[in-house]
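Protein chains: 2
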Amino acid sequence: MPKRFSPEEYAAGVLSGNRVLLSRAITLVESTLPSDQLLAHQVMEKILPHTGKSVRVGITGVPGVGKSTFIEAFGNVLVEQHGKKLAVLAIDPTSQRTGGSILGDKTRMETLSVHPQVYIRPSPAGKTLGGVARSTRESILLCEAAGFDVIFVETVGVGQSETAVHEMVDFFLLLMLAGAGDELQGIKKGIMEMADAIAITKADGANLHPATSAQAEYQSALHLFPLGASKWSPRVSVCSAYEKTGLEPIWATVKEYVTLTQGNGYFQRRRQDQNLHWLKHSIRQSLEERFYQHPAVQAQWEQIAHQVTAGQKSPFAAAEELLNAAHS
Amino acid sequence: MPKRFSPEEYAAGVLSGNRVLLSRAITLVESTLPSDQLLAHQVMEKILPHTGKSVRVGITGVPGVGKSTFIEAFGNVLVEQHGKKLAVLAIDPTSQRTGGSILGDKTRMETLSVHPQVYIRPSPAGKTLGGVARSTRESILLCEAAGFDVIFVETVGVGQSETAVHEMVDFFLLLMLAGAGDELQGIKKGIMEMADAIAITKADGANLHPATSAQAEYQSALHLFPLGASKWSPRVSVCSAYEKTGLEPIWATVKEYVTLTQGNGYFQRRRQDQNLHWLKHSIRQSLEERFYQHPAVQAQWEQIAHQVTAGQKSPFAAAEELLNAAHS
Numbered sequence: 367m368p369k370r371f372s373p374e375e376y377a378a379g380v381l382s383g384n385r386v387l388l389s390r391a392i393t394l395v396e397s398t399l400p401s402d403q404l405l406a407h408q409v410m411e412k413i414l415p416h417t418g419k420s421v422r423v424g425i426t427g428v429p430g431v432g433k434s435t436f437i438e439a440f441g442n443v444l445v446e447q448h449g450k451k452l453a454v455l456a457i458d459p460t461s462q463r464t465g466g467s468i469l470g471d472k473t474r475m476e477t478l479s480v481h482p483q484v485y486i487r488p489s490p491a492g493k494t495l496g497g498v499a500r501s502t503r504e505s506i507l508l509c510e511a512a513g514f515d516v517i518f519v520e521t522v523g524v525g526q527s528e529t530a531v532h533e534m535v536d537f538f539l540l541l542m543l544a545g546a547g548d549e550l551q552g553i554k555k556g557i558m559e560m561a562d563a564i565a566i567t568k569a570d571g572a573n574l575h576p577a578t579s580a581q582a583e584y585q586s587a588l589h590l591f592p593l594g595a596s597k598w599s600p601r602v603s604v605c606s607a608y609e610k611t612g613l614e615p616i617w618a619t620v621k622e623y624v625t626l627t628q629g630n631g632y633f634q635r636r637r638q639d640q641n642l643h644w645l646k647h648s649i650r651q652s653l654e655e656r657f658y659q660h661p662a663v664q665a666q667w668e669q670i671a672h673q674v675t676a677g678q679k680s681p682f683a684a685a686e687e688l689l690n691a692a693h694s
Numbered sequence: 367m368p369k370r371f372s373p374e375e376y377a378a379g380v381l382s383g384n385r386v387l388l389s390r391a392i393t394l395v396e397s398t399l400p401s402d403q404l405l406a407h408q409v410m411e412k413i414l415p416h417t418g419k420s421v422r423v424g425i426t427g428v429p430g431v432g433k434s435t436f437i438e439a440f441g442n443v444l445v446e447q448h449g450k451k452l453a454v455l456a457i458d459p460t461s462q463r464t465g466g467s468i469l470g471d472k473t474r475m476e477t478l479s480v481h482p483q484v485y486i487r488p489s490p491a492g493k494t495l496g497g498v499a500r501s502t503r504e505s506i507l508l509c510e511a512a513g514f515d516v517i518f519v520e521t522v523g524v525g526q527s528e529t530a531v532h533e534m535v536d537f538f539l540l541l542m543l544a545g546a547g548d549e550l551q552g553i554k555k556g557i558m559e560m561a562d563a564i565a566i567t568k569a570d571g572a573n574l575h576p577a578t579s580a581q582a583e584y585q586s587a588l589h590l591f592p593l594g595a596s597k598w599s600p601r602v603s604v605c606s607a608y609e610k611t612g613l614e615p616i617w618a619t620v621k622e623y624v625t626l627t628q629g630n631g632y633f634q635r636r637r638q639d640q641n642l643h644w645l646k647h648s649i650r651q652s653l654e655e656r657f658y659q660h661p662a663v664q665a666q667w668e669q670i671a672h673q674v675t676a677g678q679k680s681p682f683a684a685a686e687e688l689l690n691a692a693h694s
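Order-wise, the sequence lines are chains A and B. When we follow the numbering used here, the leftmost residue of the first sequence carries the number 367, and every step to the right adds one. When we follow the numbering used here, the leftmost residue of the second sequence carries the number 367, and every step to the right adds one.
Hints listed in this document are in silico derivations from the structure and should not be mistaken for laboratory results. Please read all numbers here as calculations on a predicted model, not as lab measurements. Be aware that a few hints might be false.
[Stated by the list, open to error] Listed below are the simulated EDC-like cross-link pairs for lysine to aspartate or glutamate, each with C-alpha atoms no more than 16 Å apart in a straight line:
| hint | chain 1 | residue 1 | chain 2 | residue 2 |
| --- | --- | --- | --- | --- |
| 1 | A | K450 | A | D515 |
| 2 | A | K621 | A | D515 |
| 3 | B | K646 | A | E654 |
| 4 | A | K451 | A | E438 |
| 5 | B | K646 | B | D515 |
| 6 | A | K610 | A | E375 |
| 7 | A | K450 | A | E438 |
| 8 | B | K450 | B | E438 |
| 9 | B | K621 | B | E609 |
| 10 | B | K493 | B | E655 |
| 11 | A | K450 | A | E614 |
| 12 | A | K646 | B | E687 |
| 13 | A | K646 | B | E654 |
| 14 | B | K412 | B | E438 |
| 15 | A | K646 | B | D515 |
| 16 | A | K646 | B | E686 |
| 17 | A | K412 | A | E375 |
| 18 | B | K450 | B | D515 |
| 19 | B | K646 | A | D515 |
| 20 | A | K646 | B | E374 |
| 21 | B | K610 | B | D570 |
| 22 | B | K646 | A | E686 |
| 23 | B | K646 | A | E687 |
| 24 | B | K621 | B | D515 |
| 25 | B | K646 | A | E668 |
[Claimed, not checked] Restraint ranges, calculated between C-beta atoms of paired labels, are given here:
| hint | chain 1 | residue 1 | chain 2 | residue 2 | range |
| --- | --- | --- | --- | --- | --- |
| 26 | B | Q526 | A | Y658 | 22 to 28 Å |
| 27 | A | E655 | B | R370 | 36 to 42 Å |
| 28 | A | N630 | B | H448 | 48 to 54 Å |
| 29 | B | V443 | A | T578 | 40 to 46 Å |
All residues carry an ideal CB built from backbone N, CA and C; glycine is no exception.
Please construct the entire structure, taking both the sequences and the accompanying hints into account.
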């Protein structure tokens with residue numbers, strides 16, 4: 367166990383942009399030890415006034431879409447052409463299972479991972495979605511306090527984590543493949559309606575034409591959707607990480623979105639709503655954890671759930687039965 | 367207060383198809399009186415073995431789409447051409463606010479409301495979404511026990527209730543207008559991805575051509591979506607309640623869906639999942655209600671929520687603070 371610092375030392379280190387202290391602070395917010403959590407709370411309290419100044423971009427897409435390659439190329443544009451300081455976080459609780467398609471495999475981002483303006487942090491191992499969502503959200507704030515002005519939050523578009531990411535970013539980018547009859551099936555329903563932009567990847571060589579057709583199809587499909595409260599119409603574009611084309615336009619789209627939503631107040635309101643969302647979400651999670659771990663509930667759960675599933679017992683009557691058992 | 371019957375009397379009445387007893391039983395499941403709820407549980411338990419044999423169809427669309435007229439015309443096709451026994455329930459907790467666009471206004475369904483094979487039940491007044499979701503779900507079961515073999519659950523596609531309806535029906539039908547730039551904005555994000563079929567209404571006269579174009583657009587848009595676990599590709603059709611056209615094909619679509627999903631097992635699995643969903647949902651709702659009504663939480667909530675919203679306090683730290691207050 368490495369030496370623990372005081373809350374002041376962590377905060378000062380993070381605020382000065384010290385990478386080692388930033389990493390240690392993130393490890394702290396990822397820890398499930400009560401003493402670490404207490405310390406993490408104190409650190410977060412100190413850095414909170416220095417957060418909020420980045421653009422938070424969620425990036426998702428099924429395995430095979432070329433997410434790492436895209437992030438490498440797109441990230442390089444941001445740091446080289448726009449002088450941005452970029453942090454890349456991963457949220458996927460399943461990254462261990464899907465075999466390193468997430469940032470665990472840093473070698474896929476060779477240039478980016480050694481760039482002085484870039485900080486890459488893989489998804490913590492062995493955590494539930496609730497745990498990783500919480501630590502990722504606090505990691506965003508820590509990276510902001512450390513001076514990073516663009517934060518990517520990466521996830522695989524096949525699980526539950528996209529909704530969580532959507533609730534912690536300003537802009538949600540969905541990567542898709544052209545003509546992806548099969549690949550598409552991997553995307554979860556509802557994800558397309560969360561996207562602020564869709565980028566068709568690998569639009570190079572023989573793939574360029576199908577990519578451009580897909581772009582037109584998706585663009586007209588998205589037009590059929592209602593505009594959200596942001597008043598933003600989602601964009602569809604094509605890009606190639608290999609040929610380094612179409613990346614500038616994606617960044618231009620993000621900037622345009624930020625300008626629009628900061629102008630109409632949606633940007634700020636959304637972040638406030640997200641804060642409240644995470645408050646209610648954590649409360650709910652704790653209440654449910656406590657309930658489902660109650661001995662009386664654990665003793666009856668399997669049988670009652672079976673009866674309910676089979677239609678032999680009303681779900682509402684069963685809920686009352688369990689609630690009474692837990693509170694008596 | 368009318369005389370209350372015994373659980374046996376309610377159950378026997380419902381099972382014999384007695385309309386008066388069916389209505390009284392629904393009133394019972396809608397009641398919030400603890401003694402009524404206890405009785406309702408007993409009635410539900412008795413009728414449960416006789417439920418499950420209907421096709422449950424959710425119908426939604428924004429005000430102005432012609433929902434009542436559609437249900438009147440479509441319902442008549444079912445009872446007249448197919449000999450179905452049809453129950454029509456409404457779930458909207460906001461029906462009072464939107465001024466009777468829901469079934470409260472039975473006069474819009476003149477023929478249907480007096481048809482001997484049809485039972486229409488308006489949304490209960492003054493209930494929360496949680497309350498109305500629960501009573502609607504139990505009403506579906508009561509109607510099934512009373513011998514109705516098609517159940518419509520109607521809702522307005524602008525609020526939170528569509529997700530609830532989606533979780534209690536087998537088939538979700540979205541009604542839309544052609545060229546509805548503005549009307550579309552009323553539809554909530556995510557609803558289109560829930561639809562098993564979209565029907566473009568009012569496809570008659572000068573409206574027929576725009577309706578047919580809209581049909582083609584939506585159909586190709588929906589093809590871009592991933593197939594769900596049902597393996598069903600959503601259909602788009604046009605219809606006119608006024609000219610009574612396009613209604614048979616919608617029923618054919620529902621039947622085709624039922625055949626497909628009963629064949630691949632999705633239909634049964636989905637209902638089981640829905641049962642479990644409502645069990646967990648009721649538990650969550652009760653836990654949250656109890657928490658937010660706790661005096662210690664009520665005393666601090668406003669201030670803490672404000673600090674969290676403003677970004678002055680971490681949502682996670684705040685959650686712990688409130689949870690400790692509630693449990694100490």
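Hint consistency between K621 (chain B) and E609 (chain B) [alpha-carbon to alpha-carbon, up to 16 Å]: Distance ~23 Å between K621 (chain B) and E609 (chain B) Cα, so the pair is violated.
Pair hint outcome, K450 (chain A) versus E438 (chain A) [Cα-Cα no greater than 16 Å]: Holds, because 14 Å separates the two Cα atoms, which is no more than 16 Å.
Given pair status - E614 (chain A), K450 (chain A), alpha carbons within 16 Å: Cα-Cα ~13 Å, so holds.
Distance restraint hint 48 to 54 Å, applied to the beta-carbon atoms of N630 (chain A) and H448 (chain B): Because 50 Å falls inside the window, the suggested range holds.
Hint consistency between K450 (chain B) and E438 (chain B) [alpha-carbon to alpha-carbon, up to 16 Å]: This hinted pair holds, its Cα atoms lying about 14 Å apart.
Distance restraint evaluation - V443 (chain B), T578 (chain A), Cβ atoms, bounds 40 to 46 Å: holds, 44 Å
Pair hint K450 (chain B) and D515 (chain B), alpha-carbon separation not exceeding 16 Å: holds, 6 Å
K646 (chain B) paired with E668 (chain A) [C-alpha distance capped at 16 Å]: holds, 13 Å
Hint consistency between K646 (chain B) and E686 (chain A) [alpha-carbon to alpha-carbon, up to 16 Å]: holds, 11 Å
Distance restraint evaluation - E655 (chain A), R370 (chain B), Cβ atoms, bounds 36 to 42 Å: holds, 40 Å
K646 (chain B) paired with E654 (chain A) [C-alpha distance capped at 16 Å]: holds, 9 Å
Proposed proximity, E654 (chain B) with K646 (chain A) (alpha carbon, max 16 Å): With Cα atoms ~9 Å apart, K646 (chain A) and E654 (chain B) stay inside 16 Å; holds.
Violated hints, in rising order: 5, 6, 9, 14, 15, 19, 20; the structure is consistent with all others.
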